[in-house]
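Since chain G is already given, all that's left is putting chain U on it; use the hints.
There are 2 protein chains.
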Amino acid sequence: MRKNAILNAREIELLARREEITPAELRAGLESGQITVVRNRGGRPLAIGAGCYVKVNANIGTSPARPEVKAELEKLRAVEAAGADAVMDLSTGGDLARVRREIMAASRIPVGSVPVYGAMVNAVRKYKAVQKMSAEALWEQIEAEAAGGVAFMTVHTGVSERIVRGLADGERLINIVSRGGSLLACWIAANRRENPLLEDFGRLVKIAARYGTALSLGDGLRPGAVADSTDRFQIEELLTLGRQAAEARRAGVPVLIEGPGHIPLHQVEMNVKLAKQVCHGAPLYLLGPLVTDFAPGYDHIVSAIGGALAAMAGADFLCYVTPSEHLGLPGVKEVREGVYTARIAAHAADLARGKPGALERDLRISSARRDRDWAGQKRWALNPEKVAEAVGTESDFCSMCGEFCSMRFSEKLSPAKRKRKNG
Amino acid sequence: MRKNAILNAREIELLARREEITPAELRAGLESGQITVVRNRGGRPLAIGAGCYVKVNANIGTSPARPEVKAELEKLRAVEAAGADAVMDLSTGGDLARVRREIMAASRIPVGSVPVYGAMVNAVRKYKAVQKMSAEALWEQIEAEAAGGVAFMTVHTGVSERIVRGLADGERLINIVSRGGSLLACWIAANRRENPLLEDFGRLVKIAARYGTALSLGDGLRPGAVADSTDRFQIEELLTLGRQAAEARRAGVPVLIEGPGHIPLHQVEMNVKLAKQVCHGAPLYLLGPLVTDFAPGYDHIVSAIGGALAAMAGADFLCYVTPSEHLGLPGVKEVREGVYTARIAAHAADLARGKPGALERDLRISSARRDRDWAGQKRWALNPEKVAEAVGTESDFCSMCGEFCSMRFSEKLSPAKRKRKNG
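Chains G and U are the protein sequences, given in the same order.
Its first residue numbered 9, the first sequence is counted upward by one per residue in the working numbering.
Its first residue numbered 9, the second sequence is counted upward by one per residue in the working numbering.
Chain G with its partners taken away, still in its complex shape (with noise of 0.2 angstroms):
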C-alpha cells in the first residue's frame, strides 16, 4: 500500500513552488518534523508549516439531528470554493463511514477525521452509555479510519487520569469543551483507566505509520472560556502532547499539534511560543484562539482576531470557527462565511511574516482600487462576490464618497505614479 505522506521529487517541486519556499527547505521541514504533509489516499498533499503559508481548515459533519450527508456535501463544496485548503469530517449522526466515505470521495482536499466521536456514538447506540466502549472498539475505529485513507486524526493524547482528577477540584469555570476530550474524560472517570491513546501511543503510532496518516494530537484540555485560558491543565497536556510528538518522529510519524481555545489577547503570542518550543516545531493547528466569550454569533470574527495574531507569532493552520460557534449545527452560508474568515486571519499573518504571493495580492487589489477598477478590485478579492454585490461598479466612484472621491482628487498630485507602480 501506498503511503499517503512519501512525496515523490517532483511532487516536493510541486510543493515546494506552491509555498514558496526551496525544495530542500521542504525537505528540512519534512526532516526535522517542522512541516507536516498531509494527504488523503491518492490525494493532492498539502504542506503545513515552517515557512510555508498559513492554511485553512473547515470542519462539517452531521450531527444526530441534522444526520443527512446531502447537507454535508453541499458544505464541502462550498467551503472548497471559498478556499479551504482541508476540511474535517466531524460527523456524529447517521451512518458514520459512509458519511466519512462519501465526503472522502467528494473532497479535493484532505480530509481529517476525529475517530473517538465513531467509537463514542458505536457504545451509545450499543450501550447506552460512553464509558461502555471497549479500549479494542477504539482502537479498531482509528485503524479502520486509517485504513480508509483519511490524510489526518485528531486523537486527544494528551487527556490524562490525573489531568481528569485534578479537574474534581473544581478550579475551572469549564471543564472541557473539547467534545472527543470530554467523552475520552468521562470514560476515563467512569472506568478509573488511563486514555488508552496515552497509555499505548506506541501502537497510535504504528498505525499511522502503517497507512501513513498524520496525526493531529488535540487539545482535549483546551481553555473553553478567557477565564480559564493558560492554566495548568492546558499545559500540563500540552507537555505530554511535546513528549507524543517527539516521539511520533522519532517513528517517521508527521504530527500536528492542536492548540487552544479561549486566550484573550495578551496571551495568544506567548501560548503559541510556548507550544512550538515543548514541541520542538511540530505545526501547530489552532481552533480560534478565542479572545472573548461575550459574542456569540460573532464567534467567527473572535476567532480572527485571535487566529491572526497567533499565525504571525508562528501557528501554521488554522481552524475556522463559524458564525453559528456557541449556538447550533452551521448550515452552507455559515460555513462560507467562516472559512473567508479565517482566510483573512490567514492572509494578514501571510502579509506579516513576509509570504511575496501575499503583498502581491494586496499590491494587486489595491492598484485596482486606486484606478477604480472594479473587473479588478473583483479578481483580486477574497470573495469577488462582494465586490459584484456592491453599487456604484460602473462609476469612476463609488456611493461611498460620491465625486468627494480620495482616490480621483489625489491621483492627481503624482501623474506620473501610475505608469511606475501598476506596471
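Which copy? The list can't say, so a pair holds if one copy fits it or any two copies do.
Calculated pairs, EDC-like style, for lysine to aspartate or glutamate (alpha carbon to alpha carbon, straight line, at most 20 angstroms):
#1 Lys420 / Glu202
#2 Lys386 / Glu368
#3 Lys214 / Glu144
#4 Lys420 / Asp177
#5 Lys134 / Asp103
#6 Lys341 / Glu397
#7 Lys78 / Glu88
#8 Lys78 / Glu110
#9 Lys341 / Glu88
#10 Lys341 / Glu82
#11 Lys341 / Glu393
#12 Lys136 / Glu411
#13 Lys214 / Glu151
#14 Lys363 / Glu33
#15 Lys78 / Glu342
#16 Lys140 / Glu419
#17 Lys134 / Glu411
#18 Lys420 / Glu169
Calculated from the structure, these hints are not laboratory results.
Every value quoted in this text rests on a predicted model; they were computed, and no experiment measured them.
For chain U alone, kept in the frame of chain G given last:
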C-alpha cells in the same frame, strides 16, 4: 457660555466610576492630556484615553447620492442601540447644517464632525471646484460647527505643502485615501499655499478653546494600502500632529490623535507606540487599522483584527469600519454590524488590559454557557439577538453537538464547581 469639556466634581466621580479608574487618575489624565473628555453641548461626557475602557465611534452621514437626513437618523438609532460610544457626522449631501443639527438634537452620544467637508461642499456648489474655497470660508465653517456644540471635530492639520510636493515623486501606491486630506491636498497643490489649519494652528486652538470642542487631529496621510504603511509621509504628518498636540495642550484644548489606516499586522503595535510617544500620550483614535487590502465586504473583520491588536498596544478609540468599506455607503444593517464588530475588538483589548468589567462579562456569559442557561447567555451576549435567533434554545444542549455535549459530559467531573464559581 458653558464649555463642553469642563467637568464638575460630581461628573468627575461618575465618569471615573464608569471607567473603573479613580477620580484622581481621571484628573491626572485630563491634566496630562492622556485622557480627553468629549461631550456635546449639554450632553453626557465621554472619557477617552489612558486607563479608560476602549471606545467605539460610528461614522454616519449623507452622501451626494443619498442626501436624506431620515436615513442617517435611522443609522444613528441603530449605532446607539448597538452600543457605539460616539458618532461622527460625515455628511456631504443635502443641507449639511440641517443634517448636523438634526443628528445633534437626536443623539444621546457625543457627535463629531469634519468641517472641511462642509467648506469643500460649499465651494463645489458655489464655484464648481474645491480649490476655489477661500481659507476664510474654512475658518467660518469650523467656527460654525464648534459654535453648534459638536463634541469633537476632525481637522487635517498635518497635511502640509511639503508633503503634498513630496507625493509628486510617486512613491505611494495610493496617494491619499482620507477624503478631507485629499481635498485639502488638492487645494494646497492648486493654490500653491500652505494648509491654513497648519499655518495658523493657533487660530484653531482658540476656536476650540472658546467652545470647548476637542480637536481630533486627522491623519490625512494615513496609508490606504498596506504597501504604503509606515512610510515617510505618514510619519512626517504624525510628527506635525505631535507638535500640535503639545501646543493645544498648553492652551488647555483636549485632543485626539487619528491613526492609520492600512497597516500590516506586524507593524500595528509599533505604529501605536510610535504615535503615543510622538504625541505625548494623547488618546489615539484609529480608523482600522486594516491589516490587509484584499477583503472588500469583510473590512469590518479586517479592521477588528487590527483594532484589537492596536487597542491592546494602547489605542483608545476605535472608529468602526463597516462591511461596506471600499464598496459603498453603508446602510442600517452594515452600520450595526460595524459597531458590534468594533466592540469585539475594544472588548478583547479591555480584557487584555485587565479592565475588571470586561472579565466580569466573560465570566458571566461563560457560566451561563456551561449551565446551558440560554436566558443568561442572551443577557450577557454582545448582541442578544444572535442568541435569540439560535436553534435549540429550549434544550439542555444545542444542535452543534446534540447529545454529545461537552459541557454536559464534563460538568460531572467536578460536582462542587458550580457553587464555587457561579456564586
